[in-house]
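Numbering (our numbering), first residue to last: 3 to 535.
Heads up, some of the hints might be wrong.
Claimed, not checked - Straight-line Cα separation of at most 25 Å, DSS-like style, residue types lysine-lysine; simulated pairs:
1) Lys353 <-> Lys531
2) Lys260 <-> Lys244
3) Lys334 <-> Lys488
4) Lys148 <-> Lys132
5) Lys105 <-> Lys132
6) Lys219 <-> Lys243
7) Lys148 <-> Lys260
8) Lys121 <-> Lys343
9) Lys88 <-> Lys334
10) Lys247 <-> Lys260
11) Lys148 <-> Lys291
12) Lys250 <-> Lys219
13) Lys339 <-> Lys353
14) Lys132 <-> Lys157
15) Lys260 <-> Lys476
16) Lys105 <-> Lys247
17) Lys88 <-> Lys76
18) Lys121 <-> Lys132
19) Lys488 <-> Lys476
20) Lys123 <-> Lys219
21) Lys121 <-> Lys157
22) Lys121 <-> Lys105
23) Lys339 <-> Lys488
24) Lys105 <-> Lys88
25) Lys77 <-> Lys123
26) Lys148 <-> Lys246
27) Lys123 <-> Lys246
28) Lys219 <-> Lys334
29) Lys157 <-> Lys123
Stated by the list, open to error - Pairwise CB distance ranges, derived in the manner of DEER restraints:
30) Lys81 <-> Trp535: 17 to 25 Å
31) Gly314 <-> Asn268: 21 to 29 Å
32) Asp159 <-> Asn139: 45 to 53 Å
33) Lys485 <-> Gly314: 20 to 28 Å
34) Thr267 <-> Asn79: 45 to 53 Å
Source of the hints: derived by calculation from the structure; they are not laboratory data. Here a beta-carbon is modelled for each residue, glycine too, at the ideal position from N, C-alpha and C.
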Amino acid sequence: GWIAIALPGKELAVKEAPPIPKVGVEPLAHREARIERSKEKLRKRREGEKDSPGWPIKPARMEWGVLGGIEPFKKLNPKVMMENCKQNLPGMLTGMNFPHTAKQIEEFGAEWLTQAFHKMKTMPEDNSVKRIVSARNFPGGGSGPKTLFTVEYEKPDESLDTTLFMKLPAEVGATGSGVSTAAQRVQDMQGAFGDIWGAEVQFYRFVAPHVPFPVPKFYFGDQNRESQEAVVITTAVDWPKKGKKTFKPYQVMPPCEKCEDYTLTNSQDYYFALLRRLGTVSGLERTGKLGSEIADIHWSQYGPNPRGIPEGMAQHFRTFVTEVSSQIWPEKVRSAKFLDKFSEAMDNVQKAAGHIEWYCYANPLYVGFGHQNGNTDNAYFYRGADGTLECGLFDWGSAGRMSYATEFMGSFGSCLGGMLAEYDDRLMHCFVDAYHATGAEPMDVEELILQYRLQMLANTCQMLGMTMPYLSEKHPQGRPFWKNIKAYNDEPIRSVFSLKFGVSMLYNKVVLMSHRLEPYMESFGVFTKRMGW
3 GWIAIALPGK
13 ELAVKEAPPI
23 PKVGVEPLAH
33 REARIERSKE
43 KLRKRREGEK
53 DSPGWPIKPA
63 RMEWGVLGGI
73 EPFKKLNPKV
83 MMENCKQNLP
93 GMLTGMNFPH
103 TAKQIEEFGA
113 EWLTQAFHKM
123 KTMPEDNSVK
133 RIVSARNFPG
143 GGSGPKTLFT
153 VEYEKPDESL
163 DTTLFMKLPA
173 EVGATGSGVS
183 TAAQRVQDMQ
193 GAFGDIWGAE
203 VQFYRFVAPH
213 VPFPVPKFYF
223 GDQNRESQEA
233 VVITTAVDWP
243 KKGKKTFKPY
253 QVMPPCEKCE
263 DYTLTNSQDY
273 YFALLRRLGT
283 VSGLERTGKL
293 GSEIADIHWS
303 QYGPNPRGIP
313 EGMAQHFRTF
323 VTEVSSQIWP
333 EKVRSAKFLD
343 KFSEAMDNVQ
353 KAAGHIEWYC
363 YANPLYVGFG
373 HQNGNTDNAY
383 FYRGADGTLE
393 CGLFDWGSAG
403 RMSYATEFMG
413 SFGSCLGGML
423 AEYDDRLMHC
433 FVDAYHATGA
443 EPMDVEELIL
453 QYRLQMLANT
463 CQMLGMTMPY
473 LSEKHPQGRP
483 FWKNIKAYND
493 EPIRSVFSLK
503 FGVSMLYNKV
513 VLMSHRLEPY
523 MESFGVFTKR
533 MGW
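Given only the sequences and the hints, what does the whole structure look like? Please build it.
In structure tokens, the structure reads:
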């Protein structure tokens with residue numbers, strides 16, 4: 003149709019820009035914005051201006067027949083596995099022995115790297131690694147030791163990175179970053195956290211070439227199922243020097259340690275960047291654009307947890323707040339009014355926890371491929387030419403098919419409760435906008451918000467039980483320990499990775515509930531009505 007838009011001396015209709023939904027970021031599917039971005043990209047292409055951060059070129063997708071896939075994860079007798087770990091067994095993909103400790107990369111040397119890269123076809127056959135120039139430990143994270151090393155190639159090649167990153171499963175030893183007790187090592191080897199090593203190797207080999215945003219370039223990965231030893235070598239992220247404050251477009255910003263989002267300015271911007279990536283990956287998998295091999299890979303297994311949550315956890319938590327650690331909590335959390343409402347809510351959630359699990363997996367539209375560990379410490383952030391914060395993602399070992407609500411629990415593991423209280427719904431919109439921009443089958447954002455809230459309630463309830471040992475006089479982190487703790491992120495907590503991780507997640511989930519318990523429980527009420535209770 004048409005209308006007259008003007009009379010002499012008078013405008014009858016004025017064209018305005020279409021409204022952008024208030025979701026914290028511009029939706030990728032917003033038509034006019036997309037057209038403008040396309041025009042800008044074409045202009046840059048004509049003028050030879052780069053429109054990318056210059057990330058290392060990903061290797062071409064490997065054919066499944068080249069080395070094949072990793073066989074499914076299997077649990078073995080713990081004693082047998084521990085003995086097998088001492089034997090340095092070869093990898094199942096390449097038949098090669100590989101480093102099992104951070105120090106061994108120098109012992110294996112340039113010749114081994116050459117053979118390894120040739121086996122994976124990540125370096126041309128007519129080139130070789132001439133020497134390992136340097137190697138050093140890379141601190142951070144909790145999955146195992148990490149090594150940064152630089153190499154020199156026989157033939158200089160701009161497509162080959164000279165600074166590489168190697169990660170390994172945790173070594174048996176004292177607790178701390180990159181090491182573990184024998185019991186913790188067995189837990190990891192028994193798949194307590196999924197098939198994190200097999201999944202990561204397979205992601206980089208077959209899926210990464212289809213991902214339209216930065217991920218580290220893959221050079222080598224292998225695993226032995228009889229010992230569960232593994233290795234992954236990728237390009238190293240070009241982290242800035244300590245103290246650097248200003249960054250040009252596409253320059254990588256400083257890393258964020260796990261559960262240390264309080265060091266970030268406007269941390270919500272980091273999560274909008276993350277959720278755009280996660281929504282894109284989920285949408286691409288839904289539309290069959292992540293490669294044909296993705297369906298044949300044995301990913302970490304996710305599904306409804308039928309175990310439920312023990313009764314009485316809310317009372318233990320209340321005792322922890324009122325008698326043991328009141329000094330670390332905001333005044334609202336300490337108040338009897340909130341604790342009464344929170345305890346009642348958690349008791350109701352506890353009874354429904356198993357049903358919540360099944361509900362979030364019941365509709366296949368809300369179950370798909372995701373990165374369950376896609377949080378701020380597993381990303382590298384940079385700003386685009388327009389100043390928008392963007393990111394690349396790594397640590398794909400927890401990838402697999404899961405309910406999107408389950409994915410969000412992993413992605414929000416480090417976030418601040420106050421931030422999530424303000425931006426939770428908008429982050430769900432952000433995910434859905436990115437998902438829909440791939441052409442994926444439409445999903446209802448309100449249903450996704452409902453499922454996210456249900457999972458967050460259940461996850462919060464489940465975490466309350468971690469406070470039980472803290473009520474003891476004899477436990478290392480029992481009542482005496484907490485007398486001198488000033489904040490949830492105090493140094494005695496930060497210095498023990500597992501303690502920092504657990505306390506931070508519990509603290510921020512409870513802070514979230516102190517702001518948003520009422521709307522979350524309204525969603526719980528919608529759920530119970532649907533269940534006919």
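Hints, one by one, checked against the model:
1. Lys353 <-> Lys531: holds (15 Å)
2. Lys260 <-> Lys244: holds (18 Å)
3. Lys334 <-> Lys488: At roughly 17 Å apart (the allowed maximum being 25 Å), Lys488 and Lys334 satisfy the hint.
4. Lys148 <-> Lys132: holds (22 Å)
5. Lys105 <-> Lys132: Roughly 19 Å separates the two Cα atoms, so the pair holds.
6. Lys219 <-> Lys243: holds (21 Å)
7. Lys148 <-> Lys260: Answer holds: Lys148 to Lys260 is near 15 Å, not above 25 Å.
8. Lys121 <-> Lys343: violated (60 Å)
9. Lys88 <-> Lys334: The hint is violated at about 52 Å.
10. Lys247 <-> Lys260: Holds, because 21 Å separates the two Cα atoms, which is no more than 25 Å.
11. Lys148 <-> Lys291: violated (32 Å)
12. Lys250 <-> Lys219: It holds: about 22 Å lies between the C-alpha atoms, which stays within 25 Å.
13. Lys339 <-> Lys353: holds (22 Å)
14. Lys132 <-> Lys157: holds (9 Å)
15. Lys260 <-> Lys476: violated (28 Å)
16. Lys105 <-> Lys247: The given pair, whose Cα atoms are some 33 Å apart, is violated under the 25 Å limit.
17. Lys88 <-> Lys76: holds (19 Å)
18. Lys121 <-> Lys132: Holds, at about 17 Å.
19. Lys488 <-> Lys476: Holds, at about 20 Å.
20. Lys123 <-> Lys219: holds (13 Å)
21. Lys121 <-> Lys157: Given that 25 Å is the threshold and the Cα spacing comes to 18 Å, the pair holds.
22. Lys121 <-> Lys105: Answer holds: Lys121 to Lys105 is near 22 Å, not above 25 Å.
23. Lys339 <-> Lys488: holds (24 Å)
24. Lys105 <-> Lys88: holds (15 Å)
25. Lys77 <-> Lys123: At roughly 30 Å apart (the allowed maximum being 25 Å), Lys123 and Lys77 break the hint.
26. Lys148 <-> Lys246: holds (23 Å)
27. Lys123 <-> Lys246: Cα-Cα ~37 Å, so violated.
28. Lys219 <-> Lys334: violated (47 Å)
29. Lys157 <-> Lys123: At roughly 16 Å apart (the allowed maximum being 25 Å), Lys123 and Lys157 satisfy the hint.
30. Lys81 <-> Trp535: 17 to 25 Å: At roughly 47 Å between Cβ atoms, Trp535 and Lys81 fall outside 17 to 25 Å, so the hint is violated.
31. Gly314 <-> Asn268: 21 to 29 Å: About 39 Å separates the Cβ atoms of Gly314 and Asn268, which means 21 to 29 Å is violated.
32. Asp159 <-> Asn139: 45 to 53 Å: This hint is violated: roughly 27 Å between Cβ atoms.
33. Lys485 <-> Gly314: 20 to 28 Å: holds (25 Å)
34. Thr267 <-> Asn79: 45 to 53 Å: Given a distance of about 50 Å, which is inside 45 to 53 Å, the answer is holds.
In this structure, the hints that do not hold are numbers 8, 9, 11, 15, 16, 25, 27, 28, 30, 31, 32, in rising order.
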